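Undergrad: The chain contents come next:
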Amino acid sequence: MTFLKRQVPMLICLVVGIATIFQYYVPHPVSNSYLESLSKAVLIIGGFALLLGIISLFIPHMGRIRRKADGWGYSVIMFIGFLIGLVPGIFSMASQVTPEGGMTSFGWMYSFFLSPLQSTMFAMIAFFIVSCSFRAFRIKTLEAFVLFLSAFILLAGRVPIGQMVFDKLFAFANVTISQVVEWIMGVPVVSARRGIMIGIALGAIAMSIKIIVGIERQYLGGKD
Amino acid sequence: MNETMMILGAWIASGLTLFILSFLYEDNPLFKVAEHLYLGVSVGYSLAFTIFNVWWAKVVLPISVGDFFPVIPSILGLLLVTRLHPKHSWMSRYGFALIMGYASGLAIPATVTTSFLKQVEGTIQPLFRLAGTGAVDWNWGVAISGILLAVGVISTLFYFFFSVEHKGVIKKISRVGIYFLMVYMGASFGTTVMGRFSLLYGRFFDLYTYGTPKYSYASIVMLLVVIAVVAVFVRKGAKNAQENAH
Amino acid sequence: MKRFLEKLSKLDRRIIFVLVVFVVMFPIIKPLNLQKLSPTPAVKGIYDMVESIPEGQPVIISFDFDPGSKPELYPMAVAFCRHAFKRNLRVIGMNLWVPGTGLADDILTKTAKEAGKVYGKDYVFMGWQPQASAVITQMGTDIYGIYAKDQRGSDLRSMEVMKGIKSLKDMAFMMEFGAGTPGIEEWIAYGSDKFGFKIGTGSTAVNETTLRPYLQTGQLVGLIGAMKGAAEYEALINHPDTATAGMDAIGMGHMLILGLILLGNGIVIALKFL
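Chains as they are written, first to last, in the numbering used here: chain A, 1 to 224; chain B, 225 to 470; chain C, 471 to 744.
Please note that the accuracy of each hint is not assured.
[As the list claims (entries may be wrong)] Here are the computed distance ranges between Cβ atoms for each label pair: (1) B:387 - A:2: 57 to 63 Å; (2) A:209 - B:444: 56 to 62 Å; (3) B:384 - A:135: 55 to 61 Å; (4) B:438 - A:167: 48 to 54 Å; (5) B:384 - C:526: 28 to 34 Å; (6) C:499 - B:226: 25 to 31 Å; (7) B:465 - A:132: 23 to 29 Å; (8) A:167 - C:736: 22 to 28 Å; (9) B:464 - A:72: 19 to 25 Å; (10) C:508 - B:444: 35 to 41 Å; (11) A:143 - C:526: 50 to 56 Å; (12) A:165 - B:389: 44 to 50 Å; (13) B:348 - A:87: 55 to 61 Å.
Derived by calculation from the structure, the hints in this document are not laboratory data.
Since this is a predicted model, take the numbers as computed values, not measurements.
We put the CB at the ideal spot given by N, CA and C, even for glycine.
Start from the sequences and build out the full structure, keeping to the hints where you can.
TA: Written out as structure tokens, the structure is:
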């Protein structure tokens, strides 16, 4: 039974992983057809993964409602929201635009429920960035000063008001702040980011190899 | 969609926006309502698309015309749900193993080419920029930038190499890398600020639009409602705190 | 003076929030109409690419963002689609982020209507599919293996807009508007680097610094970064819109944050000497 529970999944991962690596370098039609079939299969399996997420979400909220625990009313709101998101989608067959170019009920729900909720959640961060910058951005070392200088040039140089002010102040230098910004984005930013990228790439390759050969088995879950 | 529904939608959108923004004053029931509503709506929305774009289009329709390829992936996909039941969770491993093997197998050659070899090429290539005639074109600005680029990449890599102790020459090179990283982080901070203010502008523009007579001053009325509710909640909280103190 | 500065350093954050609201709202209510931004080489790269594509050729656009990134990416996507329709290119839309499906559909429908384009003949929206790496890899050899039907349920292969197209290699250009993962890095790794088609991107401000290395290597033809890039593209196609209007508010916001950082540090230095 351990063979079916542990060895077979790891074997699947090993065989599929190695075959997929080799497929990248083999332009033969059989190789392409292997990848097409596997891609379709993974797409279908991945589509069912949402079911797992939904059940994981519903179980604790249903428990909260059943026990009438603190804040159970909000769990009811969550289920109401779920129906608001799902029901118009089923009636409109997941289409937000009518053939004539108008708005379906699903499109209406998207424009006036989901879109404002999601946008505002992320937009709030602006307030906290400003507040935290005032309280915590302290230039105490040379490194912090370099960070601040880079931020200052980027913040001032990428907006019309900043460009107007600094181009007038530094008109004698024969170089615009926009050109300075482009150089910063094109040289030091690229070089630092590239160093990070290469490091991440090497880590990702190592982790992928560990998953394929079975050293990294966290995806299996469970104890046995 | 008729005009009444659009006006109703504007009231809902401005109300929900202000419910979330009310968190800036203090955590309150209106924010919690909006938060839980957002969670439910986004899950319902995703499920609607999955039903039609994946389950119906890729499983039901092909099987109905005699193409039985989706049967095994669908079974593996359904077995993923057994993850939640400890006794039977081993059945979900087959689906996960296929996905992980596929993703890891795809990632290795793609990462080697895109994030490693091409990046190394991009670092070296500016140092050997050739003009159209084949002669080396010594444009000083480009040459210095190219050298700085290579120095930056190498010194950053030295900084992140923790297998060797940072002392002597390695320490000096790492310090150079730190300054490149500080410039990068300053630029990231600057662009992040721009991004967040862009999002805020988008929300406020919508609130301004929904506050016009066309939408029956939705934003203004909802703002007053939110202020009133938050004020009552804060007062109630202060009263409870006073009573508890006694 | 010392007590005032100490009080100022502990300023209630809600006062700062009110300042933020003011600097963003003021240019909305009273537009400042400051100078236009001149296009940078990164943005011009995309514009020049579209200008070089012959009429009638197909371009594929992937709208990989959600409402959380709408203010930055929506204007640049609209500007790009306007440009593509003006050049009479065939536009094929898709997306890898399920919450962005509505936005993608809206952008294509709106810009096509402005340009008098016909669905199925001049443009099509293929919709969303999960598992980005599988989608891109499959599309590299056969688009119809993933997208047999469009978002509205019609057969793709029979559409005039898809004539002569079998895979991504048949596209004159691929443009991606992305807010993160899955996004342009997957398109480059599993798409353009493997199958050899030209690709460009529009990204949020947060992602712009992470994508610059790809621009420098030439893996990207161009990069429209943030609302600033969108405003530059609007200037290039001579159609100022939301992004151009928004730059005033963003500029005020930047000045506020710079001012507060300098004030905060100024207070610390002053308190040291007092």
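Undergrad: Compare the structure with each hint and give your call.
TA: These are the hints, each one checked on the structure:
no. : hint                      : in the structure
1   : B:387 - A:2: 57 to 63 Å   : violated (37 Å)
2   : A:209 - B:444: 56 to 62 Å : holds (60 Å)
3   : B:384 - A:135: 55 to 61 Å : violated (30 Å)
4   : B:438 - A:167: 48 to 54 Å : violated (40 Å)
5   : B:384 - C:526: 28 to 34 Å : violated (49 Å)
6   : C:499 - B:226: 25 to 31 Å : holds (30 Å)
7   : B:465 - A:132: 23 to 29 Å : holds (27 Å)
8   : A:167 - C:736: 22 to 28 Å : holds (25 Å)
9   : B:464 - A:72: 19 to 25 Å  : holds (20 Å)
10  : C:508 - B:444: 35 to 41 Å : holds (39 Å)
11  : A:143 - C:526: 50 to 56 Å : holds (54 Å)
12  : A:165 - B:389: 44 to 50 Å : holds (47 Å)
13  : B:348 - A:87: 55 to 61 Å  : holds (57 Å)
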